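Chains D and F, in that order, are what the protein sequence lines are.
Read in the numbering used here, the first sequence has 86 at position 86, and its numbers run on one by one without any break.
Count along the second sequence from 1, then add 1000; that gives the number in the numbering used here.
Do not take every clue at face value.
[Unchecked claim] What follows is a list of derived Cβ distance ranges for each label pair:
1. Trp226(D) <-> Arg1049(F): 45 to 53 Å
2. Gly45(D) <-> Arg1226(F): 41 to 49 Å
3. Thr280(D) <-> Gly1138(F): 41 to 49 Å
4. Pro11(D) <-> Arg1177(F): 49 to 57 Å
Hint data in this document are derived by calculation from the structure and do not stem from the laboratory.
This one's a predicted model, so the numbers in the text were calculated from it and none came from an experiment.
All residues carry an ideal CB built from backbone N, CA and C; glycine is no exception.
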Amino acid sequence: VSQQSEQLVIPTSALGGWLERLQASYRLIGPVAETDAVIAYRPIGPDTALRLDGPRPTVSPKPHVFPQTETLFSFRGAAGGPTLTPAGTHAVPTVVLGVRPCDARALRRLDDVFLARTERDVHYAARRGATVVAGLACVTPNWGCFCTSVGGSPAGTDGLDLLLTDLGDRYQVTVLTAAGRDIAALAETVAATTLDRQKAEAQHAESAGRMPALFDIESAVHNVRWEAPLWAEVAQRCLACGACSYLCPTCHCFDIQDEVTSDGGVRFRCWDTCQFSEFTRMGAGHNPRPSQTERARQRVSHKFKYLVEEFGNAGCTGCGRCVERCPVNIDIRAILQAFAWDRR
Amino acid sequence: MQELEQAIRDTARKLLAANQVRVVLGYAPGSVPFRTVPVFIETAGDADRLVWGPFCTNNLAVYLPALAGAGPVAVVAKGCDSRSIVTLIQEHQVARGQVVIIGVPCTGMADIARLAGDGGSLHGISVTWDGRGTLGLGDARGERQVMVKNILQERCRVCEHNTPAFADVRLGEAAPRMPGAAEAFAVVEELNRRPPAERRAFWRSMAERCIRCYACRSVCPACYCRTCFMDKASPRWASKANTADENWMFHAGRAFHLAGRCVECGECERACPMGIPLSALNRMLDQDVRARFGYTAGLEPDGAAPLGSFQPDDPDPDCSEER
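If we strip away everything but chain D, and leave its shape as in the complex, we get (with noise of 0.2 Å):
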């Protein structure tokens, strides 16, 4: 966090005062516990209980930029031609409340894709640029979690326009942004002392030293390589669910569908994923991946390999919800390892 930032305090008691104005100007999005298990990121409403602390959320808030189904445009059958009409975009202006750092770079990880081409993806582009990322200071990490491996912190502010750190009776504000800045400034806050930064920047480097580096990322990316052994070893394990990309912060792989009535339809984009037999399976059979040795192979390297290729940066925020929700316990930090170590 750079000195320069601007540092402000909420006192917990003014949190609720915050949440109601955030909500009169926005749509607010924040993590809500739906089970003992499962937290997701959802609108919160005036009876909506956020859950602020706790573990990091099962879902992240990728969803609410890239949603796993989405309308591009539909379709009429008529005399002298078809007729097309554009799906439009949604731009409401929205903060997400209470995104771990790791999710927020991933954000950016999803700006790298969907808005760094010449192509701007204009569906994307519409909700993320209505986004206004508040993020939280990662305190307890998850048992999967590796952020400080692939490059990331507890306390990184990549993709964060504010960043909260909860001192118990009051959260230390980082503004990151004007975005931030015209949230923040809808808080009753106050100038941070002294101690309030040392108290945020002492739990930051805790956070981060309960977290040490598993393996050097840039060995890891250097040597991952088509003909390993490995892709076979996890294959053989793998079950071929979507359970690891479609928690992923970052996967962003998508298939068109049309849906066709008698006189039209609509075409949507929705998630799909490598880990899928039916995964870019062309309309005469032929599958470019055939098992799933190949598609073991296409995500690891995809995130390590191709996308580092592409825009310089790893699609891996060491978010941890793939090793965690691995129903086979494939653990991508032990994949990595093996590479960095060179073993494979």
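On the provided structure of chain D, position chain F as indicated by the hints.
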């Protein structure tokens, strides 16, 4: 060295050394001390990689259909897993002579969400097992002990067949009946007491939460269709759009396909990242099959499955019956 683990290793070593099987499917240590991984042991010398304990949660029968035909396979099987294998034999997905069931009496698998405790994290935790019923945990909060029976996965707590009903090699002594075995259908009865509209709303909210990752389908040994109806591109029975209706079509369709075949191993519910209580759905169908056909899935490889066989006097309940 606990006895069951040693017995599993000895059995695997013998089977492989005598060339009775090509591979032994079992559990090896996972990437963290509270997980194991499915492992494919192909040489007697590797048998000592096998482990046993309260984290051997996977139903390894799921790997059998793909392995069948390449030589006999031995499977380390808990009660639920053995029932899945029996079902696969009944349904001709694996030949009886091609599988050796190594039956292990099971005292229940630990729920790692409960292991963490309320709001706790398993980050950096050390876990030891005394080979009986106690786990020793160690982390920054200090050392403590947890009884496995207090943190069981719900499907294990209510398991009715924790000692394999059918096995080729039986290891150890029969395990005591699980504490909640008589309550296996309590979840169904609780749901059935709710008015239909409330039940519909409940399942709809679950369908809305589903992300269609298909982890439930992937871990299910009974879901071995080469092309699932959900994946069929032509004709497309279901849309790939994630809507509550399409998602419900999937879960209802899967539940019906599992009627009389589901062994309540509960892997679907464990694998679901979104906490959807899929066991309740499957148990609902199972309760009907048990009531109407007097049949429990996965106990006898020679038994005729009610929905896989025809009898002239099959029950034919009135379709309009309110339930």
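Hints versus structure:
Under the hint 45 to 53 Å, the C-beta atoms of tryptophan 226(D) and arginine 1049(F), about 28 Å apart, miss the expected range. Checking the proposed 41 to 49 Å range against glycine 45(D) and arginine 1226(F) shows it holds: the Cβ atoms sit about 45 Å from each other. Range check, threonine 280(D) to glycine 1138(F): about 46 Å between beta-carbon atoms, so the 41 to 49 Å window is met. Hint check: proline 11(D) to arginine 1177(F), Cβ distance near 55 Å, so the stated range 49 to 57 Å holds.
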